[in-house]
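Chemist: Now that you have both chains on their own, put them together as the hints suggest.
Letter by letter, the chains look like this.
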Amino acid sequence: MSAPLIDFDEVIANFDPVLGLEVHVELGTASKMFCGCATEFGAEPNTQVCPTCLGLPGSLPVVNGTAVESAIRIGLALNCSIASWCRFARKNYFYPDMPKNFQTSQYDEPICFEGYLDVDVETDEGTRTFRVEIERAHMEEDTGKSLHVGGSTGRIHGADFSLVDYNRAGIPLIEIVTKPLEGAGKYAPEVAKAYVGALRDLLRGLGVSDVKMEQGSLRCDVNLSLRTSPDAPLGTRTETKNVNSLRSVERAIRYEMQRQAALLADGTAIIQETRHWHEDTGVTTSGRVKSDAEDYRYFPEPDLVPVAPSAEWIEQLRSQLPEPPAERSKRLRQEWGISEKEMQSVINAGALDLVLATIAEGADPAASRKWWLGELARRANDEGVELESLAITAKQVADLEALVQSGRLNDKLARQVIDGVLAGEGEPAAVADSRGLQIVSDDSALLAAINEAIAADPDAAQKIRDGKVAAAGALVGAVMKATQGQADAGRVRELVLQELGQ
Amino acid sequence: MSAISRDDVAHLASLARIELTEQELNDYAGQLDVILTAVASISEVAADDIPPTTHAVPVVNVFREDVVTPSLDRDSVLDHAPAAEDGRFRVPRILDEE
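Keeping their order, the protein sequence lines are chains A and B. The numbering of the first sequence is this note's numbering, which starts it at 1 and goes up by one. The numbering of the second sequence is this note's numbering, which starts it at 1 and goes up by one.
Next up, chain B with everything else stripped away, as it sits in the complex (with noise of 0.2 Å):
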């Protein structure tokens, strides 16, 4: 059984909001069964007193103190946005109307 299914992918890049061909939903559901089923191989050797790994370093507690550090300029950030009113960026239509 493959590890992931074309309606799986297709279902991924909706959430993503990637549109893709049906050719290459077919592509990507058939390359991306080879990368699980590999990496799925990992599980076999792991033993539930093994703890997931999330960072190349084992390293926890990494803190700043709570102290303010200067932000931006405004109109600097601003200049990079594709539209702005007010100090704030503009952004198209979130919803249709109801």
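Pulled out of the complex, with its shape left as it was, chain A reads as follows (with noise of 0.2 Å):
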């Protein structure tokens, strides 16, 4: 199944990528882009249609005023012009998604055009910005979800039959697609996973959508192409589906640059076509071929009245739009006191709301950092999951954080206590109320436990009585042992020292 690669390295040494990427958000709203019907993730099959997204003859679409408005919101936030007046089109194709047999979507007409996200990424240089042109966004509909039934794989090829579900069929979508991206070389791979992380964070302070992409509710999908120097014609490029976290947005386009460079360096031509990413595997497999034959026959949505926004309008949405992203975390840095680098360190966790939020439950900036970039990024990464995935909220980590100010918990304990949040063991003081985890603060207690391990180790007590103060690390290690680290550390120290005249 895996296609030979070659070492990524060379990739960059003899070929330039060129890059682009479709990226569809499901909005937010509470009901369809043209019906009435709920948009609940998670309903029960076929419970949230009508005549109208299931196509029945005679249903007529209506738009959704709110889905209109996060188009142009979106827009605006991306620095994209918005059109005076442009129409729905119909996506004619024959495919059981979609019940009409077309898909309303907008075609040389869309809502948002020309437009531009700044991202920033690390390079050896240090931190460099990089401008990824918007072509446009556009509106139109979701379509249904398909289970495949049968066949060797459980895939669409060769599949006895597919039972098909048209709750998400008419949600609200806008496509967002980039221009070409040139001269980002062996950076493309995280230029592209950082336009998309920066895509969802201004998304989801728009609040338009909730971005959720383990859920489907944004989706990536990567062109690429190689061509042997920026001066070189475009190669024949490919788009990757599927790409459905920002770790395999660059995990994907590492992939396929060398499995094209492979391709190339071969001699052999790449075939322009649909490839599926594949989390599991890390590899991407041969789709559809894309060829002449692919002709949608758009044409203007007969039911639909065309949408012209008023100046008014946009202005009046200009306005009312929330702090961009990269205004809010340089504030946020200067708030925090904190680097450029650091700054950009949380924002590529994708921790910069969970650490916001930590914050406004009551935890210090500088803790609330420390616990998402620390000890739940690797958990997270351990799980193969997004940060904001782990089934630890905000409100958790600032009661665990008050838990260890407070002088119950050290870091040790406290990260036990993550164990049991993570487990559902309940909330934090509870999950460290059942698991008995408290810091032994009671000295004679913990004057036991030093003078048993004065007596295991002489020579490290030695040291200290004469004055060389660094080995009480030995014996407060020792004594933290004893107390299956339910001591703290510091006043262990403290007490060693004293025990020994220091």
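Hints are computed from structural coordinates only; laboratory data are not their basis. Note that the structure is a prediction, hence the values are computed from the model and not measured. Fair warning: there could be bad hints in the mix.
A few chain B residues that face chain A, going by a derived Cβ cut-off under 8 Å, partial list only [to be verified]:
| no. | residue |
| --- | --- |
| 1 | Arg6 |
| 2 | Ala10 |
| 3 | Arg74 |
| 4 | Leu78 |
| 5 | Arg88 |
| 6 | Arg90 |
| 7 | Arg93 |
| 8 | Ile94 |
Calculated Cβ distances over 12 Å to all of chain A for the following chain B residues [to be verified]:
| no. | residue |
| --- | --- |
| 9 | Tyr28 |
| 10 | Gly30 |
| 11 | Val59 |
| 12 | Glu65 |
Non-contacting residues of chain B with respect to chain A, defined by C-beta distances greater than 12 Å in every case (computed) [claimed, not checked]:
| no. | residue |
| --- | --- |
| 13 | Glu24 |
| 14 | Val68 |
| 15 | Ser71 |
Ideal placement from N, C-alpha and C gives every residue a C-beta, glycine not left out.
Modeler: Set out below in structure tokens:
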């Protein structure tokens, strides 16, 4: 299954990557794009459908005004121009995920066009800003979900039949398409990841979508081609679908660069095709070959009237936009007194909103950053999930930090409390109670352990008596071990030194 | 020159999944050509400053409030489907094995 690859450094030495990203965002509206059906995620199949989204004869669509407003706000936040007049179009195709046999979309008249989003990426020469130019952002509707039954792989190819749920069909979708992104070189995977991450933060800040990649409310398709040099003509591109986490964006591009380079180095032509990213195995496999026969016979949707946002409406929406993420991060950096690099690591970890929420729950900024970027980032990485998907809330992290501040827990015990919270054992205080986690603050109990440690290691004790206080570390370590970490290491150290006359 | 060729008609028929005989292709190419030529005369009078008409009534911005309305009962929906299973529409194989 896996294709031959060449080393990434070798790819960069011989080829110049050109990227294009298509991001689909499901809007968080209560009802669908063209009908009043609910949009709740995870509902029983086909319980959020009506004549319009089932494409029954005689049904007529009516545009959801809130979805149009969200589309304009997204465009404005992406520095786009907003069309003063635009239409919907029918994209005709034969595939059962749309019961109408067409998807209502926009074709040559997108509501938003010509914008950009600046993203910061760490390079060998420090932080560098890449401008990702936006070609367009248009309105459309999501498709139904198919379950492919039978066949060898559970995939669409060779399945015996498919089962379709139209709950998702008709949910408002904004497709955001970049212009070809050139000049990123070896940073192409990081730039793409930073772009999708920045876009996610921006959309979340606008409050237009819950942007949950794991639930498919933010989906990314990656177009990639290689050429021998920045002056050479564009190479043949592939479109990789199903890239549904920030980490996958980076990995999928890296993989596709290595795969294409191996083929080109071997003198093999790249086939223009759709490829599927497999999160578990970290490879892409061939899907549908794109051919000239792909002709959607777009035409203006006759059942809908044009959308013509007035200049007043657009300016009103512009004036209500939230603080742009880049400016917000600059402001917070100053408030928290941290470097640009430290701020960038918060953003790259997808931790900014979580840290802010934790601060809002009462923890101080440094502690909030420490938990999310340290222990919790490590757990998320181990589990291969996004930080925000961890089974712990900002409130729980703030409560945990309060337990540390109150002197009940030290960091080591706090980590055990995190284990409990992630395992669903309840709130931090309850986990600490049920697991019996508590710093031993009773000096007499500590002194007993200290005296045992001194007896067990007379050499270290003598060194301390001789004034080499650095040797206290060995005794403190022994005491911490004896108390199973339930002691305040600072207090133990004080007592050790005191016992040995220092 | 004709406005639409026989090959164009064959291409459109295949995109629309309509099976046409040789005779029908010839007939429709001829008929569609007459229609398209007639419609094309509009372009002769339409100047650049005249926006294309997409609707009989010049109206824009017909929006509805973002309010949930009741959906259909699932059983009654699936009763009308040729086949259903597990609360879903059952559809024939979409793509053959690669």
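Chemist: Does the CB of arginine 90/B sit less than 8 Å away from some CB of chain A?
Modeler: It holds, given that the least Cβ distance between arginine 90/B and chain A is near 6 Å, below 8 Å.
Chemist: Would valine 68/B pass as off the interface with chain A, using Cβ distances and a cut of 12 Å?
Modeler: Contrary to the label, valine 68/B does not stay out of reach of chain A, its closest Cβ about 5 Å off (not over 12 Å).
Chemist: Go through the hint on arginine 93/B and say holds or violated, using the shortest Cβ distance to chain A against 8 Å.
Modeler: holds, 6 Å
Chemist: Do the numbers back the hint for leucine 78/B, that is, is its least Cβ distance to chain A under 8 Å?
Modeler: Since chain A brings a Cβ to about 7 Å from leucine 78/B, closer than 8 Å, the hint holds.
Chemist: Is the nearest Cβ of chain A still more than 12 Å from the Cβ of glycine 30/B?
Modeler: Non-interface label on glycine 30/B holds, nearest chain A Cβ at 21 Å vs cutoff 12 Å.
Chemist: Can we confirm that no CB of chain A comes within 12 Å of the CB of serine 71/B?
Modeler: Its Cβ does come within 12 Å of chain A, the nearest being 5 Å, so this is violated.
Chemist: Mind checking the CB of arginine 88/B against every CB in chain A and telling me if the closest is under 8 Å?
Modeler: holds, 4 Å
Chemist: Given arginine 74/B was flagged as interface, is its beta-carbon under 8 Å from a beta-carbon of chain A?
Modeler: Because about 5 Å separates arginine 74/B from the closest Cβ in chain A, which is inside the 8 Å limit, the hint holds.
Chemist: Over 12 Å to the closest beta carbon of chain A is the bar; see if valine 59/B clears it.
Modeler: At roughly 5 Å from the nearest Cβ of chain A, valine 59/B sits no farther out than 12 Å, so the non-interface label is violated.
Chemist: Is the interface hint for alanine 10/B satisfied, with its Cβ closer than 8 Å to some Cβ of chain A?
Modeler: violated, 12 Å
Chemist: Against chain A, run the beta carbon of arginine 6/B and see if the smallest gap drops under 8 Å.
Modeler: Not OK, violated: arginine 6/B not within 8 Å of chain A, min 17 Å.
Chemist: With 12 Å as the threshold, tell me whether glutamate 24/B passes as away from chain A on beta-carbon distances.
Modeler: Per Cβ check, glutamate 24/B is outside 12 Å of chain A; nearest 19 Å; holds.
Hint check: violations occur at hints 1, 2, 11, 12, 14 and 15; the rest are consistent with the structure.
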